[in-house]
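Q: Starting from the known structure of chain C, arrange chain B on it as the hints suggest.
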Amino acid sequence: MSAAALTSVPVAHPQRADWTPVWFLLPAVFVTAAVVLFPVAQTVWLSLYDYVIYNPDGSRFVGWGNFVAVLRDEVFWISLRHSIVWIVGVVGLQFLLGLVAALLLNESFWWRGLARSLVIVPWALPSVIIGLMWTWMYDFNVGVLNDMLLRLGVIATPIAWLARPDTALGAIMLALVWQGFPFFAVTLLAGLQTIPADLYEAAEIDGASRWKRFINVTLPSISDVIATALLLRTIWVANSLDVILVMTGGGPGYATHTLPLYAFQRAYSGMEFGYGAALALVLTVLLLAVVWLYVKRASRDIAR
Amino acid sequence: MERRQFLKTAGAAAALSTLAKPALAQSGTTVRWWYHFDNPQNSPAELVAKFEKENPGIKIQAEAIPWGGGNDYQTRLFAAIVAGNAPDCAMVRLSWAARFQQMRALEPLDAMVNAWDGRSDIAFNIWKINRGADGKQYYLPLQYVVIYLYYRADLFQQANLQPPKTFEEFRAAAKALTKGDVAGFGMRGGAGGFDNWGPFVLGGGASFDKGGMVSEKAIAACRWYVNLMREDKVTPASAPTDSFRQIVDAFKAGRTAMAIHHVGSAAEVIGALGDKVSAVAVPQGADGKGWTYFGDESNAIFAASKVKDTAFKWISFLSTADNNIELNKLTGQLPITTSGQAKWTGHPKRFVEASSASIPIAASLPDHPKTPDFISRVWPTNMQRALLGEISPDDMMKAIEQHFHG
Chain C
1 MSAAALTSVP VAHPQRADWT PVWFLLPAVF VTAAVVLFPV AQTVWLSLYD
51 YVIYNPDGSR FVGWGNFVAV LRDEVFWISL RHSIVWIVGV VGLQFLLGLV
101 AALLLNESFW WRGLARSLVI VPWALPSVII GLMWTWMYDF NVGVLNDMLL
151 RLGVIATPIA WLARPDTALG AIMLALVWQG FPFFAVTLLA GLQTIPADLY
201 EAAEIDGASR WKRFINVTLP SISDVIATAL LLRTIWVANS LDVILVMTGG
251 GPGYATHTLP LYAFQRAYSG MEFGYGAALA LVLTVLLLAV VWLYVKRASR
301 DIAR
Chain B
305 MERRQFLKTA GAAAALSTLA KPALAQSGTT VRWWYHFDNP QNSPAELVAK
355 FEKENPGIKI QAEAIPWGGG NDYQTRLFAA IVAGNAPDCA MVRLSWAARF
405 QQMRALEPLD AMVNAWDGRS DIAFNIWKIN RGADGKQYYL PLQYVVIYLY
455 YRADLFQQAN LQPPKTFEEF RAAAKALTKG DVAGFGMRGG AGGFDNWGPF
505 VLGGGASFDK GGMVSEKAIA ACRWYVNLMR EDKVTPASAP TDSFRQIVDA
555 FKAGRTAMAI HHVGSAAEVI GALGDKVSAV AVPQGADGKG WTYFGDESNA
605 IFAASKVKDT AFKWISFLST ADNNIELNKL TGQLPITTSG QAKWTGHPKR
655 FVEASSASIP IAASLPDHPK TPDFISRVWP TNMQRALLGE ISPDDMMKAI
705 EQHFHG
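Residue numbers (the numbering used here), protein chains in the order written: chain C, 1 to 304; chain B, 305 to 710.
Mixed in with the good hints there might be a few duds.
What the hints assert, rightly or not - Listed next, the in silico DMTMM-like pairs over lysine to aspartate or glutamate satisfying Cα-Cα at most 25 Å (straight line):
1. B:Lys674 - C:Asp50
2. B:Lys674 - C:Glu74
3. B:Lys537 - C:Asp147
4. B:Lys674 - C:Asp73
5. B:Lys674 - C:Asp57
To be verified - Heads up, incomplete: computed chain C residues facing chain B, CB under 10 Å, no partners named:
6. Gly250
7. Gly253
8. Tyr254
9. Ala267
As the list claims (entries may be wrong) - FRET-style restraints, in silico, Cβ to Cβ:
10. C:Thr43 - B:Ala349: 37 to 45 Å
11. C:Phe24 - B:Gln406: 46 to 54 Å
12. B:Pro412 - C:Phe24: 51 to 59 Å
13. C:Thr43 - B:Ser660: 23 to 31 Å
14. C:Pro27 - B:Ser668: 17 to 25 Å
15. C:Asp57 - B:Glu358: 38 to 46 Å
16. B:Ala661 - C:Trp136: 31 to 39 Å
17. C:Trp236 - B:Ser668: 35 to 43 Å
18. B:Ala349 - C:Leu232: 38 to 46 Å
19. C:Ala289 - B:Asp438: 47 to 55 Å
20. B:Arg423 - C:Asn55: 30 to 38 Å
Quick caveat, the hints were computed from the structure, so don't treat them as lab data.
Keep in mind that this is a model prediction, so the values were computed, not measured.
The beta carbon of each residue, even a glycine, is placed where N, CA and C say it ideally should be.
Excised from the complex, chain B in its bound form:
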């Protein structure tokens, strides 16, 4: 192409593209949505297509964001908000709420939720858990999991043991099942392991209130938990750095008899162990108190979005009965709607029942700006040091207390 001709063509193309812009803008609204699925090969394309067909003129730009144990997703989202390039809506977690609120980054959804037909299909207690500290509704619930206890039913039967209901039954079972290269409990001391520690230490009397981590009860509970490894030796030696992948694989390989996780890993565990595996709610203290982690996932709309009403159409579509079931098939978690839970066949009944049985003691972590840092840095570092004997469990609890309350 001659230079002059090239310049003419380029100029014409540029002019045409400028003219074309208003036409494109008028043709519809685009909603940018950030999401992550544990299995990155799963795609929400079918849900997007269904929504776009039902809502002509609206285009959903679904962007998969790497999870990276939560850190990658979270950092990108906060950085995008600061940079003024946040999506219109995104999947979010309760533990990030305080930070969002501090940044005034979220749009209250109360008016939109009140006018939404699907509202009554989500249980009141779920709305309550998801409510913001100021009483406003910033999160639209999407899915949930509750941490429970996986156990090897066959090994328990051989040892003539019942699934543990209390801490001491748990400890006794772990000791009885620790034989040869099998450890009684696949403890998670690495990333995300606060959900293994919580049932025993928060359930044993610790709390996130001021002074709640350094009370006598709290410290005794932490000593008890750390001693599962240090004195009782019922955990694999790799426990200090074991994370999700390691505890699940060790359990699947028959190297541990009990592990703590949620229904998200049920398919994988059944694939390896079939009927040899079952689940119950996590053990509770002698006083009947217990704690387990309510693993939430909601959608939120960001205050800077220019298409808030349209974004709500999309996120409410995802939280509506059958669409919510389809979404949970992709995420491996549990439907948030009452109607969806009744129809749910995505997991064997025993795991769904173990999840339901855990709800009465399920709670989220504190709505505090320092909670994410507790999860990703403060807890693992101090837990690992305590498990290795570098610091005492008492010092670990003091460090957590200091993190939240100075």
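Bound-form chain C, shown alone:
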């Protein structure tokens, strides 16, 4: 073998190696393109058309028309306002409840294993079941909540929780808080278990109170987990509509309309797929800020 042939070997090898990850990734890229990118592109395309599903022949290109109509739509602004209350309220309360649950479950007590299993139950139930269950708990005539409050003397007459505009959104938020807090509990518990016991021992020797240990040791140690969980949950909650759909269908009136629900209603009830797509895209753009934060954090973690 000549010297030239020998020297060419190291050049050829890295070239072949460079393509290997591409081939491995290709199926995943293909699947993602088919199930994510294609529908997204289709939604963008649809949003530029006045497309009503039962009148496909009457479809016409309207450009930004749907988006202009969205901005002029009173129900869009009502839904946006409710979405903000919904996201902040639900995610905030889920986080607080989840954090408290995680701290408790991190303590040592004899039935801790059982408690850790039970806390998962709300998270494991399908959203439709959660919606139906809470609807019956809130029921005006036969609901357990009114019955309990009446027996305790807290209220004098039953309250129509889901039929009053001042209580309906809060009542649904409570149901979703109950469903979603286990996500935070489990995620934060996993984070808590990674904190070395030495840190607490050192803080205790230094005379730090329980509260100070929580503020100066616990929270900084799980800050990455908290941030990731908050970002993920915000995206999920912002897009969730199943529980609202089951419990009130967006009513009474517009009292429980949120953006995804409104988009769903226009698309699936009115079958106005063009307008529904425009509403969904506006929601997507608003969520991009949150996604951007998530991606930025994920990139930072990878860079470490």
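A: Below, chain B alone, put in the same frame as chain C:
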């Protein structure tokens, strides 16, 4: 298994499956049929087996589609048509007809119906209601219900009241029976509640014709209906979002004295209240005019089907005398055939009679592409806002007028 051997086996299996395909295709015709029953545990398997036994070579692929208040079923069906994956035939409703027609999705059945023996067993007025706007027959009637008024016979007797025949008698009875935790009328302001509103507002003079929702009479009728809750306070506070489940359960629990629904809930209501419950036609206006909802369910064949004649064999089988009775036992509705109605024992007589008594004023909603959206979004949203005082009944009627006529 060795890699080479596995590849050989897989290759042979693939080759065999290709060869087997023509044989399977030749062995018979498959008809895809979409249906929904209120009770999803009920299955049409026995009817399918009977049909397949009578018609060797035809296989029925019956697919249960979730109803979801009508929205789920409807959306899936329309989406399937657009996607080119519609079933050969499906259970459909009159209120969807205009949309189907706009899409040219339905196959006219006139020739097949004319050649069908069972045609004369279905009353002429039912054929008429089911006829398309262009005069062609696209729907093969399958079953029906008519909205009527359930009332607590025992409470009426105690209060020395007769079942109401007019709006004012209804209002007076509702007021008299509203006591303690019992409301006189279990109003349905949530999904599907247009069939509670219709008897009083459409029966009170409103119509779906241009200007028909904003006439003086129509607006006055809507004010009257909304005031049952806002001023007369004869309904539960939950009325704005109460739907089928809530009104039926409240009635069963003795929390309401009257409720509006159809024979489909009779078994459930009797199970809870027995002889304490009865039914009559919905009240009518002082001028004797009335309106109630003809709850239809038919079968249609889709234009894209490649097995239209075979599909007709199946849907006509379901609309034929005894088969239709068996089907209605599964759906809880009423047989569409004259012979089936005579033999029907599926519901106590008083409820079947209340249904029959309601037929003279029964009507369907307009054959308009926007009717489904009226049912599922426009009506409930505006009704709820009116019941809560967020908008006036006048504004509600204007919104409905605008929805249909711009």
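Q: It remains to establish, for every hint, whether it holds in the given structure.
A: Verification of the hints:
{"no.": "1", "hint": "B:Lys674 - C:Asp50", "verdict": "16 Å, holds"}
{"no.": "2", "hint": "B:Lys674 - C:Glu74", "verdict": "21 Å, holds"}
{"no.": "3", "hint": "B:Lys537 - C:Asp147", "verdict": "22 Å, holds"}
{"no.": "4", "hint": "B:Lys674 - C:Asp73", "verdict": "19 Å, holds"}
{"no.": "5", "hint": "B:Lys674 - C:Asp57", "verdict": "17 Å, holds"}
{"no.": "6", "hint": "Gly250", "verdict": "8 Å, holds"}
{"no.": "7", "hint": "Gly253", "verdict": "4 Å, holds"}
{"no.": "8", "hint": "Tyr254", "verdict": "7 Å, holds"}
{"no.": "9", "hint": "Ala267", "verdict": "9 Å, holds"}
{"no.": "10", "hint": "C:Thr43 - B:Ala349: 37 to 45 Å", "verdict": "40 Å, holds"}
{"no.": "11", "hint": "C:Phe24 - B:Gln406: 46 to 54 Å", "verdict": "49 Å, holds"}
{"no.": "12", "hint": "B:Pro412 - C:Phe24: 51 to 59 Å", "verdict": "55 Å, holds"}
{"no.": "13", "hint": "C:Thr43 - B:Ser660: 23 to 31 Å", "verdict": "50 Å, violated"}
{"no.": "14", "hint": "C:Pro27 - B:Ser668: 17 to 25 Å", "verdict": "52 Å, violated"}
{"no.": "15", "hint": "C:Asp57 - B:Glu358: 38 to 46 Å", "verdict": "40 Å, holds"}
{"no.": "16", "hint": "B:Ala661 - C:Trp136: 31 to 39 Å", "verdict": "35 Å, holds"}
{"no.": "17", "hint": "C:Trp236 - B:Ser668: 35 to 43 Å", "verdict": "42 Å, holds"}
{"no.": "18", "hint": "B:Ala349 - C:Leu232: 38 to 46 Å", "verdict": "44 Å, holds"}
{"no.": "19", "hint": "C:Ala289 - B:Asp438: 47 to 55 Å", "verdict": "52 Å, holds"}
{"no.": "20", "hint": "B:Arg423 - C:Asn55: 30 to 38 Å", "verdict": "33 Å, holds"}
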